[in-house]
Amino acid sequence: MGIDPADKKLPQPEDLDPMTDEVLHRAFAGESQAAEKYLVFAEQAEDEGFPIIGRLFRAISFAETRHARNHLRVMRGIDSTAGNLLAAFEGESFEIDEMYPAYRQIARSQKNHQAVRSTSYAMKAEVDHKSMYADARERALAGKDIDDLPVSVCLICGHTVIGDVPDKCPVCAASREQYRTFS
Amino acid sequence: MPKPFMNTPPKPEKLGAMTAGFLQEAFAGESQASQKYLAFSARAAYEGLPNVARLFEAVAYAESTHARNHLSVLGGIGDSSENLKEAFGGETFEIDQMYPAYDAVAELQGAKEARTSIRYAKSAEQDHQALYEATRTTVQTGEDMAAGPISVCPICGHTVIGDAPDECPVCGTAGQFFRTF
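Chains as they are written, first to last, in the numbering used here: chain A, 1 to 183; chain B, 1 to 181.
Some hints could be false.
What the hints assert, rightly or not - Once the Cα atoms are required to be at most 27 angstroms apart in a straight line, the calculated DSSO-like pairs of lysine-lysine come out as:
1) B:Lys85 to B:Lys122
2) A:Lys124 to B:Lys11
3) B:Lys14 to A:Lys111
Keep in mind that the hints were calculated from the coordinates and are not lab data.
Only chain A is shown next, with the shape it has when bound in the complex (with noise of 0.2 angstroms):
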């Protein structure tokens, strides 16, 4: 949806008090939350039978994603394109390095076996997605886009792959139909 960033009944970035910064920043964090929480409920709506009810919690995600790009915007963190890919390449940079690392240390210590498998999953998938930010950074820079392929993404542990499917997600076994294909 093409929505331009000039749209005036968009709320506008400016320049906030620290305060109003920290609460922004929390409000991005609970509306990003509910989204997600939304799109869960709405998966396991779909698998008990009820597709509206499916459809509800999948529009109100859409509807909390509204909030949390207003919110983004309005502390300055949508940046142009080649800024952004900096952003997210330094945040999946210190998901790998620092936050991953530490939490599944955690979950190892308190053998909690599923916490380990979900921590793991998601440092795994943070690799893939911090080599390809470099790339199209680059590309970024360089004015150009990257190169016009599918991107495929495991939907049980988010294994991500630019070109072919592979036959068996290398990280958690799932099969090639197991995949959801960006095209």
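Take the given structure of chain A and dock chain B to it, following the hints.
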């Protein structure tokens, strides 16, 4: 390394308090990454970089699978009746507590655009609260809600059952731009 990695999402388990706390933070982090990437995808499309837009969209979806996995392990996914109750509770908190408090801070500090962003969100959460309340009553009788489209304003998130209005009553966006599910 846990093995074998089974091709099913991680399941709920009894968690140590520290693990639960950090998994909640990981859920928050993945959720925010996913939303950022969706916004970045829209920006790349606007700049005429459709392939970068696709990459951001796909990676946003990957982060969604991680968020779902963490939420599953945390025991945060119930049946639809429980999920509707949880969703209703979340909206109620945002309407009664969170957004009024945040708006007070933004008003005190004269942050005009922040107040607009907060007003849009709070207004839509009131739509959502009512929709979840009505739906929970229906699902408790074992029935799906009535079939029909649901329309959402792409600017402010205003949510209506049925077709889009001519103009968004909250932010004035023309109905033709609404996204209909």
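So, going through the hints one by one against the coordinates:
1. B:Lys85 to B:Lys122: holds (19 angstroms)
2. A:Lys124 to B:Lys11: Given that 27 angstroms is the threshold and the Cα spacing comes to 19 angstroms, the pair holds.
3. B:Lys14 to A:Lys111: Holds - the C-alpha atoms of Lys111 (chain A) and Lys14 (chain B) are around 10 angstroms apart, at most 27 angstroms.
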